[in-house]
Amino acid sequence: MYQNINKIYHAAIYVRLSKEDGDISSSVKLESNSISNQKALILDFLKDKKDIEVVSVRVDDGYSGSNFERPAFQAMLEDIRRGIVDCVVVKDLSRFGREYIDSGKYIERLFPALGVRFIAINDNYDSLKGKNQADEIIIPFKNLINDAYCRDISIKIRSNLEIKR
Numbered sequence: 003m004y005q006n007i008n009k010i011y012h013a014a015i016y017v018r019l020s021k022e023d024g025d026i027s028s029s030v031k032l033e034s035n036s037i038s039n040q041k042a043l044i045l046d047f048l049k050d051k052k053d054i055e056v057v058s059v060r061v062d063d064g065y066s067g068s069n070f071e072r073p074a075f076q077a078m079l080e081d082i083r084r085g086i087v088d089c090v091v092v093k094d095l096s097r098f099g100r101e102y103i104d105s106g107k108y109i110e111r112l113f114p115a116l117g118v119r120f121i122a123i124n125d126n127y128d129s130l131k132g133k134n135q136a137d138e139i140i141i142p143f144k145n146l147i148n149d150a151y152c153r154d155i156s157i158k159i160r161s162n163l164e165i166k167r
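The number in our numbering is simply the position in the sequence shown, starting from 1, with 2 added.
Hints in this document: simulated from the structure, not taken from any laboratory. What you are looking at is a predicted structure, and each value in this text was computed from that prediction instead of being measured. Backbone N, C-alpha and C fix where the C-beta goes; we use that ideal spot for every residue, glycine too. Careful: at least some of the hints might be erroneous.
Listed next, with one range per pair, are the computed distances between beta-carbon atoms [said to hold, decoys possible]: (1) LYS52 to PRO73: 29 to 35 Å; (2) ILE103 to ASN8: 32 to 38 Å; (3) ARG111 to ASP46: 28 to 34 Å; (4) PRO114 to ASN35: 17 to 23 Å; (5) ASN35 to SER58: 31 to 37 Å.
Could you build all of it, start to finish, from the sequences and the hints given here?
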């Protein structure tokens with residue numbers, strides 16, 4: 003535990019919003035309000051964290067959380083593999099991803115194996131604090147809820163499009 007006392011983490015801020023949730027209606031607007039709000043919330047959270055230095059901000063604006071084949075997410079993974087990033091900070095688990103199995107794979111297996119600290123602010127999760135019994139149940143459960151939400155929205159959107167046709 004003492005080895006982490008003076009460690010400075012090199013963080014990637016990761017923000018995401020799917021097209022269905024977006025509010026970019028004109029070409030004048032470069033990013034949705036939600037993306038701007040996510041960045042602001044994360045930067046505000048990090049402002050007094052002396053052990054975290056932001057090295058990149060990765061934005062997938064208009065990408066579904068139902069898979070991890072997103073350009074900014076893949077670029078962030080490459081930064082992790084190259085040793086540039088060893089901390090990922092997101093607003094909450096749903097902004098990280100909405101696919102239960104892959105979300106769990108990253109949070110519970112890949113990131114710990116690569117020494118990557120993971121922080122989901124609104125879910126009050128920081129992997130550095132160590133897992134407690136509640137995290138063992140709550141984090142996978144929240145990922146499952148996010149997955150179910152994504153499937154439910156998809157069904158509703160498809161049925162709405164079918165009605166319009």
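Now for the hints, and whether the structure bears them out:
no.	hint	in the structure
1	LYS52 to PRO73: 29 to 35 Å	holds, 31 Å
2	ILE103 to ASN8: 32 to 38 Å	holds, 36 Å
3	ARG111 to ASP46: 28 to 34 Å	holds, 30 Å
4	PRO114 to ASN35: 17 to 23 Å	violated, 34 Å
5	ASN35 to SER58: 31 to 37 Å	violated, 22 Å
Hint compliance for this structure: hints 4 and 5 are broken, all remaining hints hold.
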